Amino acid sequence: MSTRLVSFLLGLLAAALALVAAFAITSLVLIIAGDPVGEVWGEILTFPEQRNLANIINNATVLYLSGLAVAVAFKMNLFNIGVDGQYRIAAFVAAVVAGEAWLPGYLNTALAILAAVLVGAAWAGIAGLLRATRGVSEVISTIMLNFISTSVVAYFLRKAAVREEGSNTLGTKEIPEGSRIPSFSIGDGPGTEIYGFIFIAVAAGFAYWFVLNKTRFGFNLRATGQSTTAAVASGISVKRMTIGAMLISGGVAGLVGLPILFGDSYSYGSTFQSGLGFAGIAIALLGRNHPIGIALGALLFAFLDEQSNPLQILVGVSPDIVAITQGVIVLTVVISYEIVRRFGVRLEQQQVAKADRPVDEPKEVTA
Amino acid sequence: MSNPVPEVPAVRLQGIGKRFPGVIANDNINIDVMRGTIHAIVGENGAGKSTLMKILYGVQRPDSGTIEVDGTQVSMGSPADAIKSGVGMVFQHFQLADNLTVLENVVLGAEKLHGIGGRARKRIVEISDSYSLGVEPDELVEDLGVGARQRVEILKVLYRGARTIILDEPTAVLVPQEVDELFGNLRGLKDEGLAVIFISHKLDEVLSVADEITVIRRGTTVTTVTDPSSVTARDLAELMVGSELPQASSEASTVTDEVLLSVQSLSLPGSGARPLLDDLSFDIHRGEILGIAGVEGNGQAELVEAIMGMRERATGSIRLIDADLSTASTRQRRESGIGYIPEDRHRHGLLLDSPLWENRVLGHQGRPPSVKHGIVDKRAARQDTLRIIDEYDVRTPGAGVLARALSGGNQQKLIVGREMSGDPILLIAAHPTRGVDVGAQAAIWNHIKTARREGLAVLLISADLDELIGLSDRIEVILRGRFVGSFDPSDVTPQQLGSAMTGAGASA
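Here the protein sequences come in this chain order: A and B. FYI, the working numbering numbers position 142 of the first sequence as 142, with every residue one higher than the one before it. FYI, the working numbering numbers position 320 of the second sequence as 320, with every residue one higher than the one before it.
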């Protein structure tokens, strides 16, 4: 359909616009700081080597899950800032469950994944419940829960941890080899392995798309996100949807740390990667809450992170410059999507006006 | 009134027009407001009063036409421009900071005029005394009653040097005694040579206070009455709604004795002592349209929402044929056969940023053809949307268009079509033709009459008395949450209804 094509092209245009603006602003920062603009971009925009490519894909897998978790809540106009706390507490529980190995082989893996999803959901569900029953803003409660989760994990880590020989780092028991998720290689040589968890991430993306766009639950969720009042009048229980959306968002958030846990670290220690939940907010915005868009956003963020690593050594510029780019992208994306959206609405209204013309001039009045 | 009228009007609006995409809010508005007068602007909700006032106060720019203040043409791009040319506005919803004093509220944003200390206080007392507003500069706003807060708002605009004051529905928030006080204040302003523009849809109040009355209908000025004593509220009402009245009386009655909806002792507590709904009981029969008449805010909206299950605190019993819906959820009620045309289609009826076919699904998530086994059937929903577009004459290029892009009348026709889908037993129509064009209005009336012929029970709420009389088989008058009179539309006049609506029968 032509209108669909138009809206698709408009979407692409918006993203391109945002990227160009973000690169321009970053360049401006580099110029003001007196850094070599050309060399920085030259270094970042080279095609990554196999080793780097594997890192990018692995990182993107993790970021993708984080973006999905945030996007579920976004679809209902809920702002789940607590993905960070949710994935850490969930990864910790999963590490403990998998490390204890109550079940053999992949049954153990499945149990640990299930535990992570349930813990993530429960942690986010607290915020959902508070919002639905007492009207507490989920923004505030999820931020608070992030802090609580950090402390809770730190506390229990001491109880559950085993200290490795000759090391100061604390960690949970290592996951037995039979319960790890095997990686596969995309090239030759070391460091070119991709987490097997990527397939679960892809499945999660598909499930996200299916549930939101094809099911009645997803319809209700999107309807509530668009207009609470219309949702209530149509018979949707907004309270139930609020709790449901937060549970799902938290459940997906529970998956975020698992690619690393089952594919790389095999235990949860004090050095487990943090901050993935906040990147997810930016990525969900960038990807417009669309499963493919989020994937592209995650790849872009992972690409920038990876490619900026050698900047310090090669051109003497701090890799933090890409954090500026990433931040600016979020801002430009929000602006350019809004501009393009207004343009699209205008275009459509003109079409409708044409269809309305045959009879007489529309003479409507609204307050 | 006996005030000498100067030659040059305080405010002259000429040929004002304002279009929003797909909608004409104002079209060729012409008004002259003289100094030393209270000029009322009346019109139905959605007639374009608010847009007009926003234009006059610089919130929106007109697409065409000119504004003159005291004989000089002005261009107002912002409220600051309006204040500079001496036009001030008192909003229906007060813009006061509760935790600040009157003085602080008044000087807020106008610190340059008289400072924030002694000089400002002196000026406030001066203004308060000369217009007898009785405002104390050092009182906390949170300690003030509604009437006093409104006087602070008036003082605020006077302090900023306004010579023309616009009041948007100022009596909506006041009790009768406060209304009388307000009118006293307004007459005081008038006597000091100010121009007061008074927006309202309460006709009796307008008649009692205004020197001139301009009627707006469907975005354009119908007429200006220069001698209010020469007209009645009925005359004004006719001017407001126009003459396109429905002709249902010629149709044979289809009322049967089979009760479809039975409501018994429905009550809804309010925030104060007075309940919003007070022990309402009524039946609607197959093929019957029950009309509810009442001044806005007397429980109509609450009645509808209580029947729809949107009010948790409502008590009483609601039966639809054999099903007891007293404690059912909104969804269960809808699925038992209630169609609902909401009063505010943007807030309650549509997902504005979703395509039409998704709007077709809304409210029918549990039912075929659009949803089967929990899965949304997009193709079937689209097809059924196309059916509605065709049968209900919704003017749109297709079912994939966003609801926002349609004009008000077409949005409403889509809603009527949707609510008539799925074989409803009861149709609730709240202000079904509010803010729609004449063509759509006639079409919607026809659909409601068709529903009645097909044996539905219809509950019709409307502020348009002629619409009520034209369509209903029986009219109940609601006042402060209770039914106060039952009328047969074939021998009732709008005047009789009007007096029942206001209770004492004191006004039309």
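Treat each hint with caution, since some may be false.
Pairs of lysine-lysine residues, derived as BS3-like cross-links and limited to a Cα-Cα distance of at most 30 Å, are as follows [unchecked claim]:
id, chain 1, residue 1, chain 2, residue 2
1, B, Lys84, B, Lys122
2, A, Lys239, B, Lys378
3, B, Lys54, B, Lys112
4, B, Lys372, A, Lys239
5, A, Lys214, A, Lys239
6, B, Lys202, B, Lys112
7, A, Lys214, B, Lys378
8, B, Lys84, B, Lys54
9, B, Lys372, A, Lys214
10, B, Lys112, B, Lys84
11, B, Lys112, B, Lys122
12, A, Lys173, A, Lys159
Calculated from the structure, these hints are not laboratory results. A quick note: this is a predicted structure, and the numbers were derived from the prediction, not measured.
We went through each hint and held it up to the structure:
1. This hinted pair checks out: Lys84 of chain B and Lys122 of chain B have alpha carbons roughly 22 Å apart, not beyond 30 Å.
2. Between Lys239 of chain A and Lys378 of chain B the alpha-carbon distance is near 26 Å, which keeps this suggested pair within the 30 Å criterion.
3. In summary, the hint linking Lys54 of chain B to Lys112 of chain B is supported, as the alpha carbons are separated by about 25 Å, within the 30 Å threshold.
4. This hinted pair checks out: Lys372 of chain B and Lys239 of chain A have alpha carbons roughly 24 Å apart, not beyond 30 Å.
5. For the suggested pair Lys214 of chain A and Lys239 of chain A, the alpha carbons sit about 22 Å apart, so the restraint of at most 30 Å is met.
6. Simply put, Lys202 of chain B and Lys112 of chain B have alpha-carbon atoms about 38 Å apart, too far for the 30 Å limit, and the pair is violated.
7. With a C-alpha separation of about 8 Å, the suggested pair Lys214 of chain A and Lys378 of chain B falls inside the 30 Å cut-off, and the hint holds.
8. Among the hinted pairs, Lys84 of chain B with Lys54 of chain B is consistent with the structure: their alpha-carbon atoms are about 16 Å apart, no more than 30 Å.
9. In summary, the hint linking Lys372 of chain B to Lys214 of chain A is supported, as the alpha carbons are separated by about 11 Å, within the 30 Å threshold.
10. For the proposed pair Lys112 of chain B and Lys84 of chain B, the alpha carbon gap of about 13 Å is at most 30 Å, so the pair holds.
11. At most 30 Å may separate the alpha-carbon atoms for a hinted pair to count; Lys112 of chain B and Lys122 of chain B meet this at roughly 15 Å.
12. Restraint check for Lys173 of chain A and Lys159 of chain A: the C-alpha separation of about 12 Å stays at or below 30 Å, so the hint holds.
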